[in-house]
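*Asks:* Position one of the sequence shown corresponds to residue 1 (this note's numbering), numbered consecutively onward.
Since the hints were made in silico from the structure, they are not lab data.
Straight-line Cα separation of at most 20 Å, SDA-like style, residue types lysine to any residue; simulated pairs:
| no. | residue 1 | residue 2 |
| --- | --- | --- |
| 1 | Lys666 | Glu629 |
| 2 | Lys439 | Lys456 |
| 3 | Lys400 | Val350 |
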Amino acid sequence: SILQTSVSSEPSDMQFSVMKTDERVSTRESTVSAVVGKRTLFLFNLNDPDNPIDLKFQQPYGNIVNYKWYGDGYIMIGFSQGCFVVISTHIREIGQEVFQAHNHKDNLSSIAISQSLNKAASCGDNCIKIHDLTDMKEMYAIINLDDENKGVDQMAWTDDGQLLAVSTRRGSLHVFLTKLPILGDAYSTRIAYLTSLLEVTIANHVESELPVTVSVEVEPSFVAIGVYHLAVGMNNRAWFYALGENNVKKLKDVEYLGTVASMHLNSDYAAALFEGKVQLHMIESEGLDAQEERETRLFPADDDKYRILCHALTSDFLIYGTDTGVIYYFYIEDWQYVNEYRHPVSVRKVFPDPSGTRMAFIDDKSDGFVYCPVNDRVYEIPDFSPTIKGILWENWPMDKGVFVAFDDDKVYTYVFHKDAIQGSRIILAGGTEVPYSYKPLLLYNGELTCQTQSGKTNNIYLSTHSFLGNLKDFGPDMLRQALTQTLMLKRFSEAWEVCRLLNDQSCWNELGKACLHHMEVDFAIRVYRTSGNAGMVMSLEQVKGIEDHNLLAGHLAMFTCDFNLAQDLYLASSCPIAALEMQKDLQHWDRALQLAKRLAPDQIPFISKEYAVQLEFMGDYVNALAHYEKGITGNNKEHDEICLAGVAQMSIRMGDIRRGVNQAIKHPSRLLKRDCGAILENMKQFSEAAQLYEKGQYFDKAASVYIRCKNWAKVGELLPQVSSPKIHLQYAKAKEADGRYTEAVVAYEHAKQWDSVIRLYLDHLNNPEKAVNIVRETQSLEGAKMVARFFLQLGDYGSAIQFLVLSKCNNEAFTLAQQHNKMEIYADIISSESTTNEDYQSIALYFEAEKKHFQAGKFFLLCGQYGRALRHFLQSPSTEDNLAMEMAIETVGRAKDQALTNQLIDYLMGEGDGMPQ
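Work out the full structure: start from the sequences and follow the hints.
*Replies:* Rendered as C-alpha cells:
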C-alpha cells in the first residue's frame, strides 16, 4: 500500500476527487473522501497525509445518506432528516455551508447530480425535487409519486442527463424524461416540433391557428412538415399524416432503402435523404391520375457517381448539394433538371428562401454563400462564423433579402442587397444573443421562434429589429440607431417615420442617400422633396423613367459623387457616351480623351482643346501644344482659331519663336497678338514683341518696346498713332540727345513737357517769340524763369523783369529793377498782378528814397499806408491834370480817417503857406 490512515469509526461511501486549493498543482484525483460513523465527512488529501479533515454536521440534520462531488471542488450532501447541504472544500471556506435547503419533510433517501444538464435532484418521502446548479435557490421541477406510499429509495441520471431513474421501496422503478431531443421543422410560417417522446405539436403563430398535437407511434428521429402533411420517422421508416381542419389523419408509412438522415415536404411530394441518395416521391398518389414516372424518383441516377450531402424542397424545386460541390435544381413540374452550379468544394447544407429564387449554402470549409439561380451568381456571406449550424430566411413577405445564421449561442442577421448601385452584395446587420439550447425554427418580421429542450417554443426579438417597438418612446440616440437599422434592412417606410420624429436635415439626407444607393428613385424623390432639395428632385425626375439598370445606377452613382463607379456603370450600359459627358462636366479632360477615342472620335478635337487650356494653366506647355494641335478640325472656324492661338502661344513659350510669331501674325485676333507680344517681351525678345504689338495696332506698347531696343526710326513712324505722353517724352529725350531739336520739340509738345519745349526754343532753336507765346499760354513758372534769363543775357531788362514777375520771382525782379533803374516798369507790371503788401511797400520805399513823391504815394496807397501816401501826394509837384491831388483825395476817401481829411482840407485852404489850392 502507498498510504494508510486510521479513522475514528466505521467508514462508508468512499470517493476519489480533487480538493479545491489555491495552487492548481495537479488535476489528478488527490483527495479521498468517506463517511465516517454516518455523521462525519472525512477528507484525506494524499498530498498532505498528516492533515486529514473531519467535517461534523449539526445534530438535527440526522445521518449522512449520500454525498456527491461536483463543479470546482463542491460537495452536495443529503441527510436523513430531509436536508441537503452544499459545502466548498476550498481551504479558506472549509466547514462553511454554501447552501442549505430542507427539501423533504420526513426523510431524504438519495441525491443525484447531472453535470451535462447542470441539474441536481434529491428524493425523499414520495417526491423528487430538481434544482439548477447555477442558482441553487431556483427550484427547476417537483415530481410527486402519489401512489408510492412506502416512499422512494435510490435515484440516478443517465450520462447525457436525458433520463432520471428512481427506485421505490415498493420495488418499482420510475424513469423520467428530463430533456427532449430537439426535433422540429418549419414550412412557410407553420412549425412542427416534438413536445414529448411520442407527441408532435403543429402550430402557426403568425396566422393565429390553434396548436394541434399529434400522437405518434415511435420516438421519432426526424420530423418534417409540409403544406398539408406531417411526416415523422426513425431509421428507414416514415409515417405520414394528413392535416385536416380540426383533425389529423394517419395516411401511411413508407420504408426507404436506408436510414433517413433528413426529410422535407411540400404540398404534394416528400424528399428523404439517406446514405448519399435522395428519394423524391408523392405523398398521396391515390385518386390522382399521375403518370407512373411522376410517382417517385431516386437521385442520383445510377451512372452518376456523386453522393448527396444535403437537400431542400420548395414548392417548385428539389434542390440538393453533393460531395463533388455541385448544387442541382430539379424542377418538379417539368420533371427535369433546370439548373446546376459547381462549387469548388463539397456543399454541406442548403437553405433556399421561401420562393426558391435565392439559396444560402454552407460548404465543407464552413464558409457561407448565397446563390441566385436566376443569374447564376454567387455572393459570399461576410464575417461568417465557422460554428454556424443553420440559416433561416425571413418569411415576412416584405423583407425578401433578410436571413439569419445561427450557432449555439448567437444569431447573426444578414441582408442581401440585390439592387444596390454597387451591385448585389450581402452585409452583416448585427448579432443577437440566444439562450442556451434554443434552436431557431422560424423567422417572421424580426421575431425568431425557437424550440427549447423542454418541448416548448419561445420567441426572441432580433436586436437588429429594435425599431419595431413604439418609436414615440425612443430618445434621439435610440432613434438614430433605429434609423441605421432601418436603412440596413431597406425598411424605408419605417426609416421615414424615424426621420419625421428626429426632424433633422442630416437624417433626411442619410435616408435620401440610402434610397439612391438601393435605386429606390420614387422614394428618394419623396425624401428630397420633403427636405427641400429641389436640385436633386429635378435631377431624379429626369432619370426615373430609365429602364436600363446600369444607366440608371450610373446616374445615381454620379448623384452620390461616386464618379469612378458611375463611369463603370455607364460603360456597361446601353448609353456609354454618358460616361464621356460626365467626365467632360467634371473637367477631367484626360479621362474624357481616353473615353472619346473609344466612344466618340469626333469629339476628340474639342476635348483636346479644353485639355490644352487646362495644361497651359498648369504650366505644362509641351503637352498643351500637342493637344492644341490635335484640336484643329479644319472645318470649325471659331474653334480652330482658338486652337491656332494656343499653338502660337505655346510655340513661343517652348522657344519656337519664329513659328509662334508667324502663327500670331496670320491669326485674325488682335488680342492674340497682344498676348504673344507680352510673352515675347517677358522673354526679352523685343523686336518680335514690338512687331506683334504693331500688327495688333497696340501702338503705344509697340513704341515702348521699340524704344527698349533703341529702334528710334520705328518709334518715329509710330508716333502719330501713339497717345501715351511717356513715349513721346522718351522719344523727345532721345532726339534731343542726338541733336535733332526740331523733332525733339514736336515730341516734347506731344508729351506736354512745356518747360523742355521752351528750353529748346530758347537754347537751341533761337525762337524766343515761340517760347514767350508758350509761357504766356501755359503760365509755366519754370518756363518764365528761362525766358527771363534769356532776356537778361540779351540785356533786355524790362522783358526780363516782366518774366521774373510771371515766374513769381518778385524779389529777383525788384533787385533787377533797382539795379538797372527800371522800377517804373517793375511797378507797372506788379500793379497789374495780384501782389503782396510787402512788394508794394518795398517799391514805395524805393521811390521815397528816389524823391519820386507821386510813385511813392501811389504804392503807399496800394499797401494801405494812407498817412504816408497822403504826405507824398501833397509833396509831389503839381501837374496840369492835377493827378496827384485826385490821388490825395482818393487816399483820404479810402482811409476814412478824420485827421487825414482835416490835413487835406487844411492843405487845400492854404493853412500852411497861405496859398489856397
